[in-house]
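S.K.: Here's the letter readout for the chains.
There are 2 protein chains.
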Amino acid sequence: MADLSLPQYADIEKAHRRIGSYVRRTPVLTSSYFNRLTGGELFFKCENFQKVGAFKFRGACNAVMSLLKSEGEKGIITHSSGNHAQAVALAARMNGYQATIVMPENAPKVKVNAVREYGAEIVFCESTIQARDETAQKIIAETGATFIHPYNHPAVISGQGTAAKELLEEHPDLDIIMAPVGGGGLISGTAITAKHLNPKTRVIGAEPERADDAYRSFHSGKIEPVLRTDTVADGLRTSLGELTFQVIHTHLDDIVTVSEESIIRDMRAVWERMKIIIEPSCSVPLSAILDKKVDVMGKKVGIILTGGNVDLENLPW
Amino acid sequence: MADLSLPQYADIEKAHRRIGSYVRRTPVLTSSYFNRLTGGELFFKCENFQKVGAFKFRGACNAVMSLLKSEGEKGIITHSSGNHAQAVALAARMNGYQATIVMPENAPKVKVNAVREYGAEIVFCESTIQARDETAQKIIAETGATFIHPYNHPAVISGQGTAAKELLEEHPDLDIIMAPVGGGGLISGTAITAKHLNPKTRVIGAEPERADDAYRSFHSGKIEPVLRTDTVADGLRTSLGELTFQVIHTHLDDIVTVSEESIIRDMRAVWERMKIIIEPSCSVPLSAILDKKVDVMGKKVGIILTGGNVDLENLPW
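So the protein sequences, as listed, match chains A and B. Mapping of the first sequence onto numbering that gives the first Met the number 0: residues 0 to 316, in sequence order. Mapping of the second sequence onto numbering that gives the first Met the number 0: residues 0 to 316, in sequence order.
One thing to keep in mind: the hints can contain errors.
Note that identical chains are pooled: a pair holds if it fits in a single copy or bridges any two copies.
What the hints assert, rightly or not - In silico DSBU-like pairs for lysine-lysine, Cα to Cα no more than 35 Å straight-line: (1) Lys137 <-> Lys292; (2) Lys291 <-> Lys108; (3) Lys73 <-> Lys298; (4) Lys137 <-> Lys68; (5) Lys292 <-> Lys110; (6) Lys110 <-> Lys298; (7) Lys292 <-> Lys108.
FYI, nobody ran anything at the bench for these hints, they're computed from the structure.
Just need the whole structure built from these sequences, with the hints factored in.
M.R.: Right, dumping it as structure tokens:
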């Protein structure tokens, strides 16, 4: 049975030892263009180069590898149509387990195929939260498979924290570390890591104005409902969970929001200037800096680039 | 006055010491997807992350920094509408010299602006080889500026060789090293480096079928004229020079050619799988491998990715 208490830094260290040879140690890139533009020194941790093209593989891998063999052999299950689905599928396959991914029947074919490529079984359901929960619960009841939540899960949070651990090992003196906030798994793991390794590092989350539940929750001190999710940053449409809210509430220094226009502008600027492919979600922290929501003048700033899975036929500019 | 003899490995070492703190030491990426697909172990040297977005900065920087101060102060001149123009402009500015770039009056505005951003003066001329030569010669006669050829220039070749030097320092046991062939500066520097550091490393050039002058020159043993240049790989439309032909003739193990379809297919595959932005020219060596023109089964293969300057409004798929 999974431990549902809040992860500590020791859990992130343990996760890193566990998954270290399975995940890619992604490079940290810099850009003289963005340094000049912002007056800071920016360090981009390239999780767009991670396996399955997103940081999500770290958390999924840690969650799968934390299972007892007897648990894993009953199968792994999750519901997602995004990067977490691919991450769980690959992590399960690498450990010799069967993964089942519950997907809405209207999921894009390209995402369905990606999950299938990693050897997972796909079960389609109606495109409602209730339908996917019920479908997953039914399979769990039948098979005893273990459900891996995309973010509200201690082992997932610990796995995501290994990205910041690697970044801070290479650049221990960051003044600020930033990541986007969707369900909050990444920023939670990042905050636990940063506050342990260097308590002076400010941890700041960034969110689209059009999916600002974490921003509102952080500032009100309680979990606020999602009001709208019509943002181009498709990785950030989810709302916080109990665990991630607790970490955010305890450890974050700030959460700021940015406009759709800025997200698209800066996604494109990263493509053009840094020659790397990032998802819209990635540019949210950078937009916060470029729009002066975060002052980085003279500061060293780590930014976790979350993923690079985009549809090249359907670019937002 | 520039030395016009063939560069040796000692010149590449000297170049690296000279430009080392000016150029970016670009990362070497790997891809489990392409390894699985090819049966080899591929190491991609990411010169798309180089300053100005292309390896060209290495050669231009070395050529500019090889000048006496009294020469540099009379100015630097070249004609190019591509990456070499930006490279010379930036290298000149970093050394406090004035650069003049002769460009055809129909050069794309985006390229003109990029060169201007680096502080170079632009002189427009008619879009013929004769006009740009005459324009450059006129300015040289008036100012005493030094002309820096994009590839048929020993210091440029030596500068380009530093990319392979860095790659082989990190991966000394490559069985094969590959680069695309345009004017031949990069493959020449690569070959001189590789054959010195590890004579067992096979050096293979790759060219588009639609701009195959180096392929024909290599196989006939004399410089063959360019017959057509209508390839999507816009960096590879130039023909060999005397110096680069000599190096290629002496040091290369093979030159192979690939189709337009393969170039576009594999450019896109690199974007999708490796999440990096590469120019069409970059994928030419990879296409040669994927189309089985080069056998890499069980081999370690270095590939120099040459640049990442593409027009995002005008993608070839």
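S.K.: Any hints this thing doesn't respect? Which numbers, in order?
M.R.: 1, 3
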